[in-house]
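Residue numbers (numbering that gives the first Met the number 0), protein chains in the order written: chain A, 0 to 373; chain B, 0 to 640.
Any given hint could turn out to be false.
Unchecked claim - DSS-like mimics (lysine-lysine), calculated; alpha carbons at most 27 Å apart, straight line:
1) K46/B to K237/A
2) K25/B to K298/A
3) K232/B to K237/A
4) K237/A to K53/B
What the hints assert, rightly or not - Example chain B residues on the side facing chain A (calculated, C-beta under 7 Å, incomplete):
5) N9
6) S11
7) S23
8) I24
9) V28
10) I30
11) R35
12) Y47
13) R57
14) T61
15) N225
Please keep in mind that the hints were generated in silico from the structure rather than gathered at the bench.
For every residue, glycine included, the Cβ atom is placed at its ideal position computed from N, Cα and C.
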Amino acid sequence: MIRNHFQKRNQSIRDKVFSLDYLLIFLVLLLGVISFFTMYSTERGNINYYTQSHIYRFSVFFLIFIVISFFKINFWYKTAYIFYSLVLILLIVVDFYGVSSSGSKRWINLLFINLQPSELMKVALIVFLARYYSKIPSENIIQIKYIILPVFVLFVPVVLVMSQPDLGTALLIAIGGVSVVWLTGIRIKYFLYSFFTLACLTPVAISLLKPYQKARILTFIDPERDPLGAGYQIIQSKIAVGSGGIFGKGFLQGSQSYLDYLPEKHTDFIFTLFSEEFGFVGSVILLLIYMMIIYRIIKIGMNVRNNFAKLYCFSFATAFFVYFTVNMSMVLGLLPIVGAPLPILSYGGSSMLAIMIGLGIVMSCKIHSQDDVT
Amino acid sequence: MLGQSDSYQNKSRLITRRMFILSSIKIAVFISIVCRLFYLQISENIKYRSLSDKNRLREWKTTPRRGEIEDFFGKKIAKNTEVFQLHMIPEDVPNLETLFFKLSRIINFSDRKRKSIMKRIKKRNPWEPIIVFDNLTWSEFSKLNLFLHEMQGLKPVVSIARKYLEDNSSFHAIGYVSDTSVKDLKNNEYLRKINIPGLKVGKNGLEKSLNEQMIGKPGVQRFEVNAYGKRIKELKFIQGINGKNIKTTIDQEVQKFASDIIREKSGSVCVMDIYTGDIICMVSSPIYDPNKFVHGISSRDWLQLLENKKKPLINKSISGLYPPGSTIKPLVALSALENDVINPKHVIHCKGEIELYGHKYRCWKKKGHGYMNLRDAIKQSCDVYFYEVARRLGVDRLFITAENFGLGKKTLNNLKGEKKGVVPNTKWKLKNIGKGWVLGETLITGIGQGYFLTTPLQICLMTAQLANGGYEIKPRIINDIYSIQPTINAWREEFSFRNNNIASYSFGLRKLYRNPENIKFVLDALYGATNEPMGTSYRSRLINPEYVFAGKTGTSQIRTITEEERELELKNKDLPYEKRDHALFTGFAPYKKPRYAISVVIEHGGSGSSGAAPIAKKVIKKVLDRHKLRKKYQLDLFQEA
């Protein structure tokens, strides 16, 4: 019966090319094009360093995305633990040989690229947990022994990343992992318990936070308490977005970013610039493009036969959703400022690489949707 | 096998179910982000757009040209001149130390200056120009220009600054300008409103009282600026309105002349047109150079000014308070005549002193004047006679006359620091000292001593109102030809009555007397005081008929003379400076056709006849010499009587 469930096929390259999800590819390319224009605008209408290297990176990583699509899904299943271990080693290496920038040690110099392993961990953890849970029957999932290893593999990278320090990425990694655990069917009451425990631990956690992190939380509660210091970013960001209006100030007309009021406009605050120049309509369209991508990923997950791919697709969709919503909520003043880039639009190689690898695996699930994993 | 497959299917279903739960959360999050966008970009759009503009736009005020101050003949007392300045833009300077070294080789560039500039550089943005020198001489400026190519970042600038006439004689009347202080901003709403950095404001005199008119309205330059405040481009320019030029009634020639005469002394000279109230001269001494304040006075100079015993910063003409002494006697006589308490022919024997309730009141002439009538008493300034007059008159009736003639109240109202003075009366004493009036005080009030305090300008006004026939005039220092027109018309009418010997007076004037004969009597007595032998200012008379003037001297004691001192017959010269009497003189000229009134007050100048009258004589001659010229300027306004 199980043989019937999976149709063992040997797809030709031609078949594979035909079974690509072209709408997803189109959406990713569309985001790429939008990101070029936005990056071009951050440089006041010049093609300078940021725009150029963003275009190069996007081209290279898009290619990686397509290439990964053709890997068999079983490859990812088999290498899941190795992939995770490699990234974990890189994370540990960062701790010793990392490149420091503005007070945190996040990168390792790989000569051709300054890699940020914590970004790759976002995907690696999902892959690991998806494999781990895919073969555990849902009846057994309640057993406590099946929760020990996941908790361990989740906490080690999260703690490592937090110590860099990079609270934002650590949270995003954790959310990716938790979403796998959720999907696999752990009882809802466990989530409630742990949520309750977390709530109780919050005061302890706050006391462990660094002063600048505390300032960020206080600023989130009341940005006006330090309008030129900690509150400056969020106040200026809200001014930029709010002044955009329905149709925006127009391409290359965003005065807030053009006149340098906007901080970090290439990276975390790129949505602010986009929203200022293209207004409510543009922002909602961008949001819909992201939602379409989520929809496509979920659709792929629905059609795929094996549970590893299903778990992976749904988890990645959730993680991807969290990435862009956290970023947007942050710049719109709905969440405290934590470092969270906007997928594909933000400048930053590692983040884009991780997204492209993630999407590549999704696409591989689409192409090999009938395959079994062993 | 089947079970395994079922389990697999089950799990797959479970995952999908859980996914749907997650998806509904996702949709909720999506909706909330859209709502947030809607709130920020549509509901609150106007608020954020204005905040964005506030970020983006910044306005710079351009300083309007300050109005200039002219004297009656159009001579500029306070004007704007080009000043040579050296500006520096710190961000363009490659090396500050070498630049300062080079500068010190060319011009006087002290170490203190260097430190203060370094301090300013730190406080401000590097692209904002800093004024290194704000008032260079031409030779320094040209020398700098020669070496400018070696000194990057420096910019020679020709700017505009206040410049006062070199003779400084109008220092007190005109005042001076200086940098805006925190206090200025606090006290002046207009300054807060226009808010121009680096604006000079009037600190004293007319510069202060007419400050707002003279500043004008600032222009506005609107720029788009970046987050660091650097100007990106100019968006709008609104031209400002230059300050209003002010014409004054002052004759700078007379001003300078009078100032030169009293240069070494401490005192005041005031000259007034007795018909229009035009202040022709209002000098206070010692004077000071107002130009020193414009570019910031050094703290050493400022301390010296404050410590100077002659008080150069005080405009003594309006802020100096002196007992009028004998100069009040004509007014006391007039008051007595008006109230019918004395007959001019009444004779009193002056023995040098009288006694009242066991207290001796002395005449200035120790051996006495002998038999005196009222005219002689004014002429020779007999104190004993006026003790009797005052006793009969009473202080409250004197108060009414004195107040009518402008004593005890502000004369000009528009100059800073003007004092009201004191005309004592029974009510005043009860209110301010808390004791009842004593008759003895009436006696000394009658000779202008005791609580009596007047400003030199008040004395001048009093004489002017006597000399013009007893009509109220309103002194003025700003020459506004439109507001003076009704006064001139009234006087024309009055003159035509007089020429036709009609005993009426113009409705445009306020009469200060009851019987014109009384005024005539007092004026005649004043003629005697100056032009007849035995008169107190006889030695200072002018013989040329055109220049003949009449006036009253005054010597006001500033301390009680003890019995011993009286026995010693101490001369003023022998006393320490601070204890010497004030010398006063007031008069009018020419006697036949009066036109000007004068008052001279010399602090610690000794007796009025030796200390003040000779000065008045010189000034009167000068004023009358200038009269022909002044008449020309007023010809279309004023027909002489």
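- Query: Any CB of chain A closer than 7 Å to the CB of N225/B?
  - Reply: The hint holds - N225/B has a Cβ within 7 Å of chain A, the shortest such distance being about 4 Å.
- Any CB of chain A closer than 7 Å to the CB of I30/B? violated, 10 Å
- Query: Would the stated hint for S11/B survive a check requiring a Cβ distance to chain A of less than 7 Å?
  - Reply: holds, 6 Å
- Hint status (Cβ of V28/B to nearest Cβ of chain A, threshold 7 Å): holds, 5 Å
- Task: Would you check the hint for K232/B and K237/A, treating anything up to 27 Å between C-alpha atoms as holding?
- Result: Between K232/B and K237/A the Cα gap is close to 25 Å, so the pair holds against 27 Å.
- Message: Please check whether S23/B passes as an interface residue: C-beta within 7 Å of a C-beta belonging to chain A.
- Response: At about 12 Å, which exceeds the 7 Å cut-off, the nearest Cβ of chain A leaves the hint on S23/B violated.
- Task: Verify the proposed pairing of K46/B with K237/A, using a straight-line Cα cut of 27 Å.
- Result: holds, 11 Å
- Query: Given Y47/B as an interface hint, is the shortest Cβ-Cβ distance to chain A below 7 Å?
  - Reply: holds, 3 Å
- Query: Is the Cα-Cα distance between K25/B and K298/A 27 Å or less?
  - Reply: Holds: K25/B and K298/A sit about 15 Å apart, inside 27 Å.
- Query: At a threshold of 7 Å, is the proposed contact between T61/B and chain A supported by beta-carbon distances?
  - Reply: violated, 23 Å
- Message: Interface hint check: I24/B, Cβ to nearest Cβ on chain A, cutoff 7 Å. Holds or violated?
- Response: Since chain A brings no Cβ nearer than about 9 Å to I24/B, farther than 7 Å, the hint is violated.
- Item | Status of the hint placing N9/B at chain A (closest C-beta pair under 7 Å) | holds, 5 Å
Checked against the numbered hints listed earlier, the structure breaks hints 7, 8, 10, 13 and 14; every other hint is satisfied.
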